[in-house]
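Visitor: Dock chain B against chain A, hints included.
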Amino acid sequence: GQQLNQSPQSMFIQEGEDVSMNCTSSSIFNTWLWYKQDPGEGPVLLIALYKAGELTSNGRLTAQFGITRKDSFLNISASIPSDVGIYFCAGRDGANSKLTFGKGITLSVRP
Amino acid sequence: GAGVSQSPSNKVTEKGKDVELRCDPISGHTALYWYRQSLGQGLEFLIYFQGNSAPDKSGLPSDRFSAERTGGSVSTLTIQRTQQEDSAVYLCASSDGPGGYGYTFGSGTRLTVV
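In the order they appear, the protein sequences are chains A and B.
First residue of the first sequence: 19, per the working numbering; consecutive thereafter.
First residue of the second sequence: -11, per the working numbering; consecutive thereafter.
Check the hints yourself; a few may be wrong.
As the list claims (entries may be wrong) - Below 20 Å or equal to it, Euclidean Cα-Cα: the simulated DMTMM-like pairs (lysine to aspartate or glutamate) are:
#: 1; chain 1: B; residue 1: 45; chain 2: B; residue 2: 8
#: 2; chain 1: B; residue 1: 45; chain 2: A; residue 2: 111
#: 3; chain 1: B; residue 1: 45; chain 2: B; residue 2: 56
#: 4; chain 1: A; residue 1: 121; chain 2: B; residue 2: 73
#: 5; chain 1: B; residue 1: -1; chain 2: A; residue 2: 59
No wet-lab data here; the hints were simulated from the structure.
Extracted from the complex, chain A is given alone in its bound form:
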């Protein structure tokens, strides 16, 4: 089946640093989404991307839909302690299909 690859499994950064996360796939997706999960909560949608090459920002977050439609990245600038959590990428390959999720990256921010 389809798989989305996120690595590394964990990232540790210093408060104030920028961080970039990648998500890759062996197959094409038409929609890419990034979610964040806080402890004890369900994932929350951060950014949705619908066109190849699209670059979208949401505050300190910036995400891009790769030109090949097989990858996406998420940038977090000037990290703060509340950025801690698990970041999932997700993709959809058709208008009526369900989302496929990556395994997530756990981000830790040192004050």
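Guide: Showing chain B alone in chain A's frame:
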């Protein structure tokens, strides 16, 4: 409701017992999804309901797992004869259609089988 509501939030059960997990989606959302999240394993798709269509059950790991959605709203995920490997967080999500912007997730039910 304003969000996706799941109950119970935590469930501890003995191996071999049956459990029922409930999901109340956002009012008007036609699509409902169940995912399982095990430590370090990401989100594993279980089952998907869309309107009155037959559900996509392709992710259910065994015949001990079943789900139903009554009246196009509330859904119940049932696990029969629970095993220790069923311990995980079970997440429900809903969307306003298969092509919706994304899913809105509930907070999940943490199931522990002892």
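Visitor: Is the straight-line distance between the alpha-carbon of residue 45 of chain B and that of residue 56 of chain B 20 Å or less?
Guide: holds (11 Å)
Visitor: Is the hinted pair residue 121 of chain A and residue 73 of chain B satisfied, with a Cα-Cα distance of at most 20 Å?
Guide: holds (18 Å)
Visitor: Would you check the hint for residue -1 of chain B and residue 59 of chain A, treating anything up to 20 Å between C-alpha atoms as holding?
Guide: Roughly 16 Å separates the two Cα atoms, so the pair holds.
Visitor: Taking only the CA atoms, is the gap from residue 45 of chain B to residue 8 of chain B under or equal to 20 Å?
Guide: Cα-Cα ~17 Å, so holds.
Visitor: Need the status of pair residue 45 of chain B, residue 111 of chain A: alpha-carbon distance at most 20 Å?
Guide: Answer holds: residue 45 of chain B to residue 111 of chain A is near 18 Å, not above 20 Å.
Of the hints listed earlier, there is not a single one the structure fails to meet.
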